[in-house]
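Asks: Next come the chains, spelled out residue by residue.
2 protein chains.
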Amino acid sequence: MEPMEEEIEQKHTHGHAHTTAVLNRLSRAIGHLESVKRMVENGRDCSDVLIQIAAVRGALNSISRVILKDHMEHCIVHAIEEGDQEALEELNLVIDKLL
Amino acid sequence: MEPMEEEIEQKHTHGHAHTTAVLNRLSRAIGHLESVKRMVENGRDCSDVLIQIAAVRGALNSISRVILKDHMEHCIVHAIEEGDQEALEELNLVIDKLL
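Quick mapping for you: the protein sequence lines, in order, are chains S and H. Residues in the first sequence are numbered from 1 upward in steps of one, following my numbering. Residues in the second sequence are numbered from 100 upward in steps of one, following my numbering.
Check each hint, because a few of them may be wrong.
Unchecked claim - Derived pair list, reagent style DSS-like, types lysine-lysine, alpha-carbon separation capped at 25 Å:
(1) H:Lys-136 / S:Lys-97
(2) S:Lys-37 / H:Lys-136
(3) S:Lys-69 / H:Lys-168
(4) S:Lys-69 / H:Lys-136
(5) H:Lys-168 / H:Lys-196
(6) S:Lys-37 / H:Lys-196
(7) H:Lys-196 / S:Lys-97
(8) S:Lys-97 / S:Lys-69
Unchecked claim - Taking beta-carbon pairs under 8 Å as the criterion, some of the chain S residues facing chain H (in silico):
(9) Ala-29
(10) Ile-30
(11) Glu-41
(12) Cys-46
(13) Leu-91
(14) Leu-98
In case anyone wonders, no lab produced these hints; they're calculated from the structure. Note that this is a predicted model, so its numbers are computed, not measured. Heads up, the beta-carbon is just placed ideally off N, CA and C, and yes, glycines get one too.
Chain S with its partners taken away, still in its complex shape (with noise of 0.2 Å):
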């Protein structure tokens, strides 16, 4: 469902070069997650299911990275040339919450 025209220019939101790319990670981490909720289930080790707990959550970092660099290239470099100061406080806010 991309969002309207008029809605892309207001909230500098664009056509993404990786949304298919995030769209597939995104499924792949939630069908591992799925697949460690039934590791728990089956009893299995608690060292495998943290192994693989880690692994969805270096997952889900590589797909924050692919988002960052792209917002980073697309919205920011957009944001700084039309002066939106919120963009840039946003932007902060969200490299507190990932690093």
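We have chain S already, so just place chain H on it with the hints.
Replies: Same frame as chain S, but now just chain H:
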């Protein structure tokens, strides 16, 4: 890669104190990640998506802590009593992945 039933018995598994809580938290994390996917599909702002991914990652860290503490209290204490060197080596591997 699934261990057989006998192997599960051999591998110091047990009724974990927090299994139900862990399963509930995993279900919530899966639901959260599905909502993140919908956000990306709907073209929501990158910052909002990144903040929600960071929240899921935080939830996974929290789940890992619960499992690791449970693992330390039950499996590892048992492993030390039994002189199960393999379990202790696995713990080192898990710590490497988690931290």
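Asks: Indicate, hint by hint, whether the structure satisfies it.
Replies: Verification of the hints:
About 19 Å separates the Cα atoms of Lys-136 of chain H and Lys-97 of chain S, which keeps this hinted pair within 25 Å; it holds. Simply put, Lys-37 of chain S and Lys-136 of chain H have alpha-carbon atoms about 19 Å apart, close enough for the 25 Å limit, and the pair holds. Between Lys-69 of chain S and Lys-168 of chain H, the direct Cα distance comes to roughly 36 Å. Violation of the 25 Å bound is thereby established for this hinted pair. Distance check on the hinted pair: Lys-69 of chain S and Lys-136 of chain H sit about 18 Å apart at the alpha-carbon level, within 25 Å; holds.
With a CA separation close to 16 Å, the supplied pair Lys-168 of chain H and Lys-196 of chain H stays within the 25 Å bound. For the proposed pair Lys-37 of chain S and Lys-196 of chain H, the alpha carbon gap of about 19 Å is at most 25 Å, so the pair holds. Restraint check for Lys-196 of chain H and Lys-97 of chain S: satisfied, since their Cα atoms lie roughly 21 Å apart, inside the 25 Å limit. A threshold of 25 Å between alpha carbons decides the hint, and for Lys-97 of chain S with Lys-69 of chain S the separation of about 16 Å falls inside it, so the pair holds.
About 6 Å separates the beta-carbon of Ala-29 of chain S from the nearest beta-carbon of chain H, less than 8 Å, and the hint is met. Annotation: interface hint on Ile-30 of chain S holds; nearest CB of chain H at approximately 5 Å, less than 8 Å. For Glu-41 of chain S, the interface hint holds, since its Cβ comes within 8 Å of a Cβ in chain H; the closest pair sits about 7 Å apart. The closest approach between the C-beta of Cys-46 of chain S and any C-beta of chain H is roughly 4 Å, which is under the 8 Å cut-off, so the hint is satisfied.
Among the interface hints, the one on Leu-91 of chain S holds; its C-beta lies about 7 Å from the nearest C-beta in chain H, closer than the 8 Å criterion. Checking Leu-98 of chain S against chain H by beta carbon gives a least distance of about 5 Å; that is within 8 Å, so the hint holds.
Hint check: a violation occurs at hint 3 only; the rest are consistent with the structure.
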